[in-house]
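Visitor: Chains as they are written, first to last, in the working numbering: chain A, 1 to 357; chain B, 1001 to 1357; chain C, 2001 to 2357; chain D, 3001 to 3357.
Bear in mind the hints are in silico, worked out from the structure with no lab data behind them. One or more hints might be untrue.
Said to hold, decoys possible - From chain B, some residues computed to sit far from chain C (all C-beta separations above 10 Å): (1) V1074; (2) V1180; (3) E1350.
Said to hold, decoys possible - Using 25 Å as the maximum straight-line C-alpha spacing, the simulated BS3-like pairs for lysine-lysine come out as follows: (4) D:K3355 with A:K355; (5) C:K2148 with B:K1355; (6) C:K2196 with C:K2303; (7) B:K1196 with B:K1317; (8) D:K3355 with A:K148.
As the structure is a computational prediction, the values presented were derived from the model and not from experiment. Each residue gets a CB set at the ideal place from its N, CA and C atoms; glycine is no exception.
4 protein chains.
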Amino acid sequence: MSSSYGTNLRVTVFGQSHSEAIGVTVEGLPAGHAIDLAALQRFMDRRAPGRNAYSTPRKEADVPQFLSGIKDGVLCGAPLTAVIYNTNTRSGDYAELATTPRPGHADYTAYVKYGPSRDYAGGGHFSGRLTAPLCIAGGICLQLLAEKGITVFARIRSIGTVQDDAPFTASVGEKDFPTVSDAAGEAMQAAIAAAKADGDSVGGVVECVVLGAPAGLGDPMFDGMENRIASALFGIPAVKGVEFGDGFAAAALRGSENNDPFIVENGAVATATNHCGGILGGITNGMPLIVRAAFKPTPSIAKEQQSVDLTTLQEKKLTVRGRHDPCIVPRAVPCVEAAVAIAVYDAWLESQKYKEN
Amino acid sequence: MSSSYGTNLRVTVFGQSHSEAIGVTVEGLPAGHAIDLAALQRFMDRRAPGRNAYSTPRKEADVPQFLSGIKDGVLCGAPLTAVIYNTNTRSGDYAELATTPRPGHADYTAYVKYGPSRDYAGGGHFSGRLTAPLCIAGGICLQLLAEKGITVFARIRSIGTVQDDAPFTASVGEKDFPTVSDAAGEAMQAAIAAAKADGDSVGGVVECVVLGAPAGLGDPMFDGMENRIASALFGIPAVKGVEFGDGFAAAALRGSENNDPFIVENGAVATATNHCGGILGGITNGMPLIVRAAFKPTPSIAKEQQSVDLTTLQEKKLTVRGRHDPCIVPRAVPCVEAAVAIAVYDAWLESQKYKEN
Amino acid sequence: MSSSYGTNLRVTVFGQSHSEAIGVTVEGLPAGHAIDLAALQRFMDRRAPGRNAYSTPRKEADVPQFLSGIKDGVLCGAPLTAVIYNTNTRSGDYAELATTPRPGHADYTAYVKYGPSRDYAGGGHFSGRLTAPLCIAGGICLQLLAEKGITVFARIRSIGTVQDDAPFTASVGEKDFPTVSDAAGEAMQAAIAAAKADGDSVGGVVECVVLGAPAGLGDPMFDGMENRIASALFGIPAVKGVEFGDGFAAAALRGSENNDPFIVENGAVATATNHCGGILGGITNGMPLIVRAAFKPTPSIAKEQQSVDLTTLQEKKLTVRGRHDPCIVPRAVPCVEAAVAIAVYDAWLESQKYKEN
Amino acid sequence: MSSSYGTNLRVTVFGQSHSEAIGVTVEGLPAGHAIDLAALQRFMDRRAPGRNAYSTPRKEADVPQFLSGIKDGVLCGAPLTAVIYNTNTRSGDYAELATTPRPGHADYTAYVKYGPSRDYAGGGHFSGRLTAPLCIAGGICLQLLAEKGITVFARIRSIGTVQDDAPFTASVGEKDFPTVSDAAGEAMQAAIAAAKADGDSVGGVVECVVLGAPAGLGDPMFDGMENRIASALFGIPAVKGVEFGDGFAAAALRGSENNDPFIVENGAVATATNHCGGILGGITNGMPLIVRAAFKPTPSIAKEQQSVDLTTLQEKKLTVRGRHDPCIVPRAVPCVEAAVAIAVYDAWLESQKYKEN
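Excised from the complex, chain A in its bound form (with noise of 0.2 Å):
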């Protein structure tokens, strides 16, 4: 364990990339709430790989079959199952990856913890694929979400060392390649390009925005916005860091820059600045909730890379083949919506709780 998240909803995660099938259930969605699925369908196409040269030309409808938990649309109280068929697999692909692990991968993490049944192929569960029925619940929240008005998006900060700092702009949800600087997009998709040219990978950061939250959300210590923020965005592969407002460079400076002035604006609290990333002792203070999450470049490389044979113990070169995405975070843009959302929602369930005490 534990491929589960949530104490209110509880997303739990199943499939292995080759599997029969990759899916979710969560527990713990209100009954009564119509869900959009042509809308879910649009979220979980920004995810989908194919669509574009700097990602895999794997293509995968991504299409979510619903076994339970909905009817006729509508959120009836039990359970919501939803499943992904595998059927674009080419396991023939990772038939050396049975001994030998890929540089980068959970490839031996697996073998150690499992042993030789573990599921290699592809990635197994440790597959960027599981991200798929993870969009599934979080496309859900964001629509729970989003009745409440509170709103969910994310941006790609920087690719490589192409950085976009300029100020979020709710249009770039809208966007293809969802930078704000449209220069700074293109030169972070040169970037991927170069990478792919050289058979190799890039990584990059997403920086992800929640508007509209309340303030009182989150809950003292471990439960905390940014704890439950986190767990769920290292549930991605490839997370190697999250940070809330100015994070590490908050390290840098003063308390007298760092603090955030209170001041009224309309009539409510709230502050001049936003260093705090609109989070105060884990809870939010109202203002936007600002997260980033790191991601390392894709492990999966086109270039020879040293290795070591499991059942020899010999050192050996390997060659990863099948299709990967030089860069995986234009694709992980909406995971890490999806990831923030299902923690917001579930926190605001938590804040529920004490409302008519």
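Since the structure of chain A is already known, use the hints to place chains B, C and D on it.
Guide: Using the frame of chain A, we list chains B, C and D on its own:
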């Protein structure tokens, strides 16, 4: 909720800065292990305030008293509860804070969440003082891990803009001001002194390494070592970012740079480099586990700041009284070790379930 | 929530009686164990309807299809998901139940809890059909326990007023109608037939024994074997009481009668009697673990009953249509074994954490 | 684990019979509610020993001291911890028990589970004394439920073979010996006195009713009210059976007898009878919730018993010393109320999550 952490081991922290006592209950500790209480106290002392020029002049003995779970110095299998009575409190320092939240603190969000009944004195349950019971639990886990050859120690990696980029050495843990480079350490102390002289504060980064952890700790998706450790670390007040291995820097790399080649060393699989920080797919690979936590500057500063009167909704000036650290990073070092130790020991217990299988 | 059970093993049941499919996800299964799928199917068949005169004439193949978690018949460490597609549903039978709750059923309480969007067809998520996925999970746990020499089997202890008080025998599990006394079994079948002839139903008691469980399973207070097993058993629809050892009868005894004297048997500690049902302080003592579950009579009966129209709040008469068991106790026998096996295996995993200590 | 209960509210009990203190931490209590500490103490006093002829002559003040979570008598939102210091212990009474387990007690199983380091004095963490902190938590929940018009009270239903089958009356809660029928109560006290005179003990059944609970509390499958309440009740030492409504008696009924006809009463849906004990499909239906717990006779009796020396594995005779209740049922009445109140309040919090939806 939740002031509890862990699934195999459950650590529940209670208390407010000025309540009768603060403390911790730990369920799931293994019976039969002797705890070196003197060593635990030395560990606690590293966190205690009042020891030097750059920490608050408050003197807190911070001596845990054990109410249960330990008998004749040996864990007996029952839940362990230890408390520290609050004796040296000056609540008068905090009277104004009943209506005027300190910028950068949880004062405002606690008020929104819990209403006027929340305990604002000294920051209540959100006080950094609550890291003392965390250190009791973590100090015990450190000893249990040490029995298995697993050691956890941390260093100051940066204070403000001063970095200590020297490679980790084990002896850093024995220093009063735990930097590898003494020159960097002196520059950091000067940065703290300068901030203090300005009535200001400064942040920093703590880096922690886990040595001797076997490959195979951690679980997929939401219970990976990154999720587990981040969940614990964000429980320490002021942490705004957490990263593993190269972390955010990995986002700027190419796969060929970031992937750690597998090699055979002393007849075992190892990696030639350690960009991943000892974690692949959420699971330890047997290399040193490396994590960094970014601490924002202490929000309590002597400078006058802008706040709001919560009863009148008028903006007003606030000068925070009380005794505060100009930089909490030095005292946070053992807290980081404690949080990481708890997370690693919880994962270790998890891994034991499948040993016989 | 919660359609999930377990802390070391987590079993999540999903589906509604008439949804696309029902199924189960099991997290925490140990990798490397071969599952005997034919044996699992035989176990499932014991629960399946339509096999004889005293069960519903509905025919349900109830053949699990594995979507994930198992590869070439061997557990691979990833979450296991198995589904059973719903094919033989006659929703028309249930149209009236949209507004008229069946007495003794969850129809009314599901309406109150989830509103008009709840899936009422066939009882929705509250249907006894959901015990099929429970049996998939339980059937796997039975096999894993058997590897360790732990066996779980149940018998019919009573149907209506007919008791089978003969001492447990292992061979009872092989019978089609699992009573120890064949005479009692025949009288029970006659009682079921009589109830059916009257358009009525009848309840009963299932008794389950766990043999071979080592002393030391279970935990104090809220995770004792009684708590764990009761939590699982009350997950089976129609269970209204659970007792261990002498159970309610023990309340009428004196301590000198109820205490089980300790003896030495084959060089090990045992007890001369087993009034406690193998559990002391929530922890197994190495003697047979004995538990009984009381099943109320099937609420769906052919007789006209009094109900209420939920839309008009007028009382009205209801005649339940559809195909229903006059007694679910015989089919509940494997369900009890499944629930107990899951609870015991979860406790066994817990106990492994401290083996090395 | 687990000495913790609850998902929305989390109650963690700590302490051993002879440790420095016993106590409880409750997370998730709503801020802003005043707690009537005098009423809480009166509730605690109902459990306290030494009050009359049929309980142990030990005198324990059992006055909770609040370490955190409450300020000026009002819940402040932080985890509440209350402790009772152990002052009146006579550990010498227990010296022989280090090697000789008392029949019917957890002495042996605690030894198996935790080894020689377990705290055997007074039963350690398995002592009935641990119900005192349970009553602190439960007493607070009773007050919170009362604010919502939900009341919980229990009666003695039987002692030994003496039954009190008179219908429940609210005033039973005010009696020193809470039976409805005074004649039955006198016969029960005579049965206790007779057992005591024989150096023996006797068991009994406590029945608890919850009035005013709204329809809709509880969740499907493993979080039904039956599962929730049984999980809490089996946390009380000596409980060996739990049943709801007609419970085991329902197993002997026909559906036409056991189904509760729906009626309209005061413009609302009700049932004409209440065989189901107010719970259908795990969810409250608005009728009185009825549960019974069977308590085995106190295992500590004055009569000589057969045990085993754990160090030599030789059988030996044991005469239990110390001061023990000949019947714990009267003192268990508030414990049952406490456990039920905690379970109901936890379910109530759960139900609040979906109020706004």
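Visitor: Are D:K3355 and A:K148 close enough, with their CA atoms no more than 25 Å apart?
Guide: Cα-Cα ~13 Å, so holds.
Visitor: Would you assess whether B:V1180, listed as outside the interface, keeps its beta-carbon beyond 10 Å of every beta-carbon in chain C?
Guide: Nearest chain C Cβ is 34 Å from B:V1180, so the label holds.
Visitor: Starting from B:K1196, check that the Cα of B:K1317 is at most 25 Å away, please.
Guide: holds, 20 Å
Visitor: Could you grab the alpha-carbon distance between C:K2196 and C:K2303 and see if it respects the 25 Å cut-off?
Guide: Satisfied, since the Cα-Cα distance of roughly 10 Å is no more than 25 Å.
Visitor: Report holds if the minimum CB distance from B:V1074 to chain C is greater than 10 Å, and violated otherwise.
Guide: Consistent with the label, B:V1074 stays out of reach of chain C, its closest Cβ about 12 Å off (over 10 Å).
Visitor: Would the pair C:K2148 and B:K1355 pass a check requiring their Cα atoms to be no farther apart than 25 Å?
Guide: Satisfied, since the Cα-Cα distance of roughly 13 Å is no more than 25 Å.
Visitor: Could you let me know if the closest chain C CB is still more than 10 Å away from the CB of B:E1350?
Guide: At roughly 8 Å from the nearest Cβ of chain C, B:E1350 sits no farther out than 10 Å, so the non-interface label is violated.
Visitor: Run the distance test for D:K3355 versus A:K355: straight-line Cα separation, threshold 25 Å.
Guide: holds, 9 Å
Hint check: a violation occurs at hint 3 only; the rest are consistent with the structure.
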